[in-house]
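Q: If you want the building blocks of each chain, they are given just below.
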Amino acid sequence: MLIFAMRVAHEGCEVHTKGKGTYEITRQVQEKIDKCRIDSGTVTIFVQHTSCSLTMMENAAPAARRDMERFFEQLVPETANYEHDEEGPDDMPSHIRMVLTRTSETIPIVDGKLQLGTWQGIFLFEHRRDPHRRKVSLTIIGE
Amino acid sequence: MLIFAMRVAHEGCEVHTKGKGTYEITRQVQEKIDKCRIDSGTVTIFVQHTSCSLTMMENAAPAARRDMERFFEQLVPETANYEHDEEGPDDMPSHIRMVLTRTSETIPIVDGKLQLGTWQGIFLFEHRRDPHRRKVSLTIIGE
Amino acid sequence: MLIFAMRVAHEGCEVHTKGKGTYEITRQVQEKIDKCRIDSGTVTIFVQHTSCSLTMMENAAPAARRDMERFFEQLVPETANYEHDEEGPDDMPSHIRMVLTRTSETIPIVDGKLQLGTWQGIFLFEHRRDPHRRKVSLTIIGE
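Chains as they are written, first to last, in the numbering used here: chain E, -12 to 130; chain R, -12 to 130; chain U, -12 to 130.
Treat the hints loosely; a few may be bogus.
In this list, chains with the same sequence are indistinguishable; a pair is considered to hold if it fits within one copy or across any two.
The list that follows gives simulated cross-link-like pairs (lysine-lysine, DSBU-like), each with its CA atoms no further than 30 Å apart [as the list claims (entries may be wrong)]: (1) Lys19 x Lys100; (2) Lys19 x Lys7; (3) Lys5 x Lys122.
Hints are computed from structural coordinates only; laboratory data are not their basis. Every value quoted in this text rests on a predicted model; they were computed, and no experiment measured them.
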């Protein structure tokens, strides 16, 4: 008799950003799933910041990501008159863009692989101009 | 002594869309929970696409959904000048509308039922004009 | 030999809102995790409504929250001409603001604590003018 016991594995990855933009982390997430040998379950990706966020996005066409990034520049402009501006013009827009996108995302794992669609990639969306080291926590639950 | 062992069940449903709009999937999700006989836990709903998305929405008033859909038509217009436009004017807006809504949603299951509020429905939000077959993955974790 | 058995705990909290704005619930969520003694896993926070939502936000600077709330007042104005307006001018904007933010959020639990970043707080985002009693469901899965 085989027993597949459910368990939890905590992993993490650090993303070194070089200013505003989207940074794909799909491969790093898959590597952590491989490492903890959970075949069936879910991974919860959680960004531990309020000035960057997560998004799923088309991963084949860089132009699609550029259009998406431009959309957010216009929707949440740096030039608006914000009350909270201690850290510069990109401070407050970074929080609003985070609120409009995602902090956590939960993705199925089937046969040890992220069950993504053909064109789906997982991206950290950096909203600050300066380089940052961003902490992304991964919680893998399954058997 | 009763042992309620935790387990994972993977299910899925296919949604045949007929163009832009919201398509309720609450009943299909509940049927898959019934099928796998997990009484207590969560279901993670994950859309395997980047040109449609998920949203929770008021499920009693169709006018509320029409207003919401019109809002997105105006916020992310097809007529903007996008760099990525290979697949027509609804291509790039579909990705941006997906980024502004959700790809995954995790909902509690209590006594075998989705623990939704009275007026909450789960909707696939189609952002393309043409009919599509959309794959929605369901991961049910619990006991 | 120690066995850490995975399990599910369902908890909930009620948030008494006094009109539009953000209400921090981080402490209540942590207290429920403490109560159910799950050391390692995830908590899924789920708002059982379609006219309020969840958001992560900077929890130190109230000005940042005010700017964020003003942004949504402008992005989804009460003065637009909505078809669905039975419950007043804040009715339809509340649904759209909910769609643009979040209904569920899943957060890691490590050593019994929410694994949040330094400045991250969990907020209920009330979109209606009148006071409401809002139900937030918490599902804690882990060992």
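Q: Each hint: holds or not?
A: To see whether the hints hold, each was checked on the structure:
In this assembly of identical chains, Lys19 and Lys100 lie within 30 Å of each other by CA distance both inside one copy and across copies; the values are 11 Å within and 22 Å between. Taking the shortest alpha-carbon separations for Lys19 and Lys7, only the intra-copy value of 25 Å comes in at or below 30 Å, while the best inter-copy value is 37 Å. For the identical chains of this complex, Lys5 and Lys122 are intra-copy neighbours only, at 14 Å inside a copy versus 35 Å across copies, given an alpha-carbon limit of 30 Å.
Hint compliance for this structure: no hint is broken.
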